[in-house]
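> Letter by letter, the chains look like this.
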Amino acid sequence: MTFRRALPPAVTLVLLIAGWQIYTSVSGIDAWLLPSPKGIWDAALLQREALTEHTMATAELTVYGFGAGVATGLVVAVLLHLAPVLRDAVYPLLVISQNVPVIAIAPLLVVWLGFGLAPKIVVIVLVCFFPVAVATLDGLRRSDPMIADYLLMSGANRRQLFTKLQWPHALPTMFSGLKIAATYSVFGAVISEWLGAEKGIGQYMMIQKSAFRADRMFVAIAIVIVLSLAVFGLVVLVEKWTVKGRRRG
Amino acid sequence: MADALTVRGLSHAFGDLSVLSDVSLDVAPGEFVSIVGPSGSGKSTLFHLIGGLITPSAGEISVDGQAARRGLIGYMPQQPALMPWRTIEANVVLAQEIRGKADKPAAREWLARVGLDGFAKSYPHQLSGGMQQRVAFLRALLSDQPLLCLDEPFSALDAMTRIEMHRWLLDIWEANRRAVLFVTHNIEEALLLSDTVYVFSRRPATILEKITVPFGRPRRDAVVDDPAFVKLRRHLTDLLTGAPR
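First to last, the protein sequences are chains A and B. Per numbering that gives the first Met the number 0, residue 0 is the first one in the first sequence, and the count goes up by one each step. Per numbering that gives the first Met the number 0, residue 0 is the first one in the second sequence, and the count goes up by one each step.
Since no wrong hints were added, every one of them can be taken at face value.
If you want the footprint, here are the derived chain B segments under chain A, 3+ residues with CB under 8 Å:
| # | region |
| --- | --- |
| 1 | 45-58 |
| 2 | 65-72 |
| 3 | 90-96 |
| 4 | 118-126 |
When the alpha-carbon atoms are kept at most 30 Å apart in a straight line, the in silico DSSO-like pairs for lysine-lysine are as follows:
| # | chain 1 | residue 1 | chain 2 | residue 2 |
| --- | --- | --- | --- | --- |
| 5 | A | Lys-239 | B | Lys-100 |
| 6 | A | Lys-163 | A | Lys-178 |
| 7 | A | Lys-163 | B | Lys-100 |
| 8 | A | Lys-163 | B | Lys-120 |
| 9 | B | Lys-103 | A | Lys-243 |
| 10 | B | Lys-120 | B | Lys-100 |
| 11 | A | Lys-198 | A | Lys-37 |
| 12 | A | Lys-37 | A | Lys-208 |
| 13 | B | Lys-230 | B | Lys-209 |
| 14 | B | Lys-103 | A | Lys-239 |
| 15 | B | Lys-103 | B | Lys-120 |
| 16 | A | Lys-243 | B | Lys-100 |
| 17 | A | Lys-243 | B | Lys-120 |
| 18 | A | Lys-198 | A | Lys-178 |
| 19 | A | Lys-163 | A | Lys-239 |
| 20 | A | Lys-243 | A | Lys-178 |
| 21 | B | Lys-120 | A | Lys-178 |
| 22 | A | Lys-198 | A | Lys-208 |
| 23 | A | Lys-178 | A | Lys-239 |
| 24 | A | Lys-163 | A | Lys-243 |
| 25 | A | Lys-163 | B | Lys-103 |
| 26 | A | Lys-239 | B | Lys-120 |
Calculated from the structure, these hints are not laboratory results. Every residue gets a Cβ at the ideal spot worked out from N, C-alpha and C, and that includes glycine.
Let the sequences and hints guide you as you build the complete structure.
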């Protein structure tokens, strides 16, 4: 993003935080109800070491979960694309399955898979794979029919049609899905930590909630935002390296 | 040597809709043959049949002595149909890549020869419509097939660019005689470029007339002012618009 485009939201953010700071000191509202930005910052500095450890744990979990979720999404997309029968049979159910709240099945996953890494990864995969699968599948299906005709008349087989046209054409749409999945992944990791974890921002949140430490809750929220932006930024970076030329649509 | 293209008694229908009816035509090696006809007269269907995309309802097609199938022709579609994510040189070698080996150095040499030097590493969106069509033509030419099929390649270009492209195509083609089947609805374009012109009727398309163009090669642009040319153009216009002959 260029500086020009980054400036307006940055100014808005600074104004919001300044307004918040002024409101808390003028109104004299209790810190356990609404802490001031300054108070939140101090709370973060005070717990620096513990927070670093929690953040690293959540980051690690996010990377595993996001990786597994993206892999699952891509495999589902390619399978459904290559086997139209399968697509007709599975796709509608896939859409319906997205209406099942992950929070509701998460405890079940613990019952089935125990308290280890497995149920946590599954939770993240469940929130991540869908946007990747749908976006990639759409991209694969919507490649230019004229280029397809050209390739077929030039003697291309099905594999060449896929590797030379459909897959490269699907990349930009796939990255849109990846960006959505990236923002979901951290949130998925935090939810999975609520199920029971020894470390992690989710577990930290649960403890601070029971202690009514609003300031530390805000610290946790800020960390979740920063982590999400980091994963998102990573996806954008990979997209810049991968997607060449200008795309229509 | 077998003809680059032989079509005998070709008919095709999509369900109840008859598109082509008993079409026979030939393209000799090194011959430039055009088909003119009204829009929607099944010209594109003819290419899909020759290219092996669809199987005809009746009749025979042979390309360079072999029954028509996919991978026998160099094809240039109506729109350039370049891959936006590939550089120009990667687009040019696409047909070669499908058949096995891509020769990028040769592609770069050709790009320079057709007035596109310096664009090898550019992407299609950075080129004008006319330049994109040159790339699409080069892609067909470098597929190294004995027959080039050009489907109204200049119909989307403005009049000025179109005239430039005619000159450009004549120069390249006259230096590398390859059998060409060229479809257009532009009468002047067909007469200017071709050795032989087939006139198609409205759907279902039949051949109204086969015309041998009486001008030699290399052909100059000024030929369009030749009285014989003007007379032929008049004749074709009457044929196609159904005016009294």
